[in-house]
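Student: Work out the full structure: start from the sequences and follow the hints.
Protein chains in written order, with the working numbering: chain A, 150 to 284; chain B, 104 to 243.
Keep in mind that a hint or two might mislead.
[Said to hold, decoys possible] Label-pair ranges, simulated between beta-carbon atoms:
no.	chain 1	residue 1	chain 2	residue 2	range
1	A	170	B	243	50 to 56 Å
2	A	171	B	240	47 to 53 Å
3	A	177	B	171	42 to 48 Å
4	A	180	B	178	31 to 37 Å
5	A	171	B	171	49 to 55 Å
6	A	251	B	225	22 to 28 Å
7	B	226	A	247	41 to 47 Å
[Claimed, not checked] A few chain B residues that don't get close to chain A, going by computed Cβ distances all over 12 Å:
no.	residue
8	128
9	142
10	154
11	161
12	174
13	176
14	207
15	212
16	215
17	222
Hint data in this document are derived by calculation from the structure and do not stem from the laboratory.
Predicted model, so just to flag it, every value in this text is computed and none were measured.
All residues carry an ideal CB built from backbone N, CA and C; glycine is no exception.
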Amino acid sequence: MTKKSSVVGARSAADWKKSEHHGAGTWLAERLSSLALVPLTLWGAWAAFSIAGGGYDGAVAFVRSPFNAGLLAITIILAAWHMYMGVRVVLEDYFSKEEGRGVYILLTFLLCAAVVIASLGGIYCVYSHTAIAGA
Amino acid sequence: MSPESLKTSATPRRPMSPHLQIWRWHITMAGSILHRATGIASVAGAVAVAAWLVCLALGPDTYAVFLAYAKSPLGLLVWFGLSLAGFVHLTGGLRHMIWDLGGALQPRTASTLTAWSLILGVLLTVAFWAWLFVSGKVSL
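Tutor: Given below as structure tokens:
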């Protein structure tokens, strides 16, 4: 290993590579989240279709079904995780550390987290008949 | 050259992805760029879904404001764009799964697969909206 790095230079694969399996978790998470999102987003399209034109009462009735509320929550959590991983890959490709890559990745994480928190909060309030103060 | 001088000349910057303007156009490259673009556009779709749920939780009055925007011609155009991004990203994802499984990796088959994934994404979007309009759930 040291022999190799002295020939190639300080940044050879041997220097940064931790193991054959390093990074496999991310790769797998990307694939598994997209695999799960295939049926979930198709269900989401069907959900959007059934809610369309139904007004407030129709949308509330939809979210108050335990099956719909649960599936909606799972879809949003997995989509947000998938979004974070995907946007992160794009940012890593186009921005160096000096150009603020870390800050952009952090902002992406915060946006994805905000989507999850707002959505789950909304589902919870509708599902549990909780009135939000002032509304 | 000594290893030391190699080090200083070779280390400053890691190579970055090729930027968009240096590519010659071909369909797998367009599919790759579109997959990223539709993925990023789908982030806006997720924000819209979150906004929908928050407005619903805020009660009938707030939801009426949300619906007024969502049902307007401009709102429908936005939903159309978001659904197009979502469906094209979905079929693009299926294309990547086929590639991950080792299928359609020859230049010719890869191009054909990319073309079909784009066509299917557009067809799903058109079918979805035709269904919405024909059933009378959405109208202009």
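Student: When you take the CB atoms of residue 180/A and residue 178/B, is the distance between them in 31 to 37 Å?
Tutor: 34 Å, holds
Student: For residue 215/B, is the shortest CB-to-CB distance to chain A above 12 Å, so the non-interface label stands?
Tutor: 21 Å, holds
Student: Could you say whether the range 49 to 55 Å given as a hint is met by the Cβ separation of residue 171/A and residue 171/B?
Tutor: At 51 Å between Cβs, range holds.
Student: Using Cβ atoms and 12 Å as the threshold, tell me whether residue 176/B really stays out of contact range of chain A.
Tutor: At about 15 Å from chain A, residue 176/B clears the 12 Å cut-off, so the statement holds.
Student: Confirm or reject the statement that residue 207/B sits farther than 12 Å, beta carbon to beta carbon, from all of chain A.
Tutor: Holds, since 17 Å exceeds 12 Å.
Student: Taking 12 Å as the cut and beta carbons as the points, is residue 222/B off the interface with chain A?
Tutor: 18 Å, holds
Student: Verify this label for me: residue 161/B is non-interface relative to chain A, using a Cβ-Cβ cutoff of 12 Å.
Tutor: 4 Å, violated
Student: If I take the minimum Cβ distance from residue 212/B to any residue of chain A, is it greater than 12 Å?
Tutor: Given that every Cβ of chain A is farther than 12 Å from that of residue 212/B, nearest at about 21 Å, it holds.
Student: Looking at residue 154/B again, its CB stays over 12 Å from all of chain A?
Tutor: 8 Å, violated
Student: Is 42 to 48 Å respected by the C-beta to C-beta distance linking residue 177/A and residue 171/B?
Tutor: 44 Å, holds
Student: Just checking, residue 128/B versus chain A, shortest CB gap more than 12 Å?
Tutor: Given that every Cβ of chain A is farther than 12 Å from that of residue 128/B, nearest at about 19 Å, it holds.
Student: Does the Cβ-Cβ separation between residue 171/A and residue 240/B fall within 47 to 53 Å?
Tutor: 49 Å, holds
Taken one by one, the earlier hints fail for this structure at numbers 6, 9, 10, 11 and 12, listed in ascending order.
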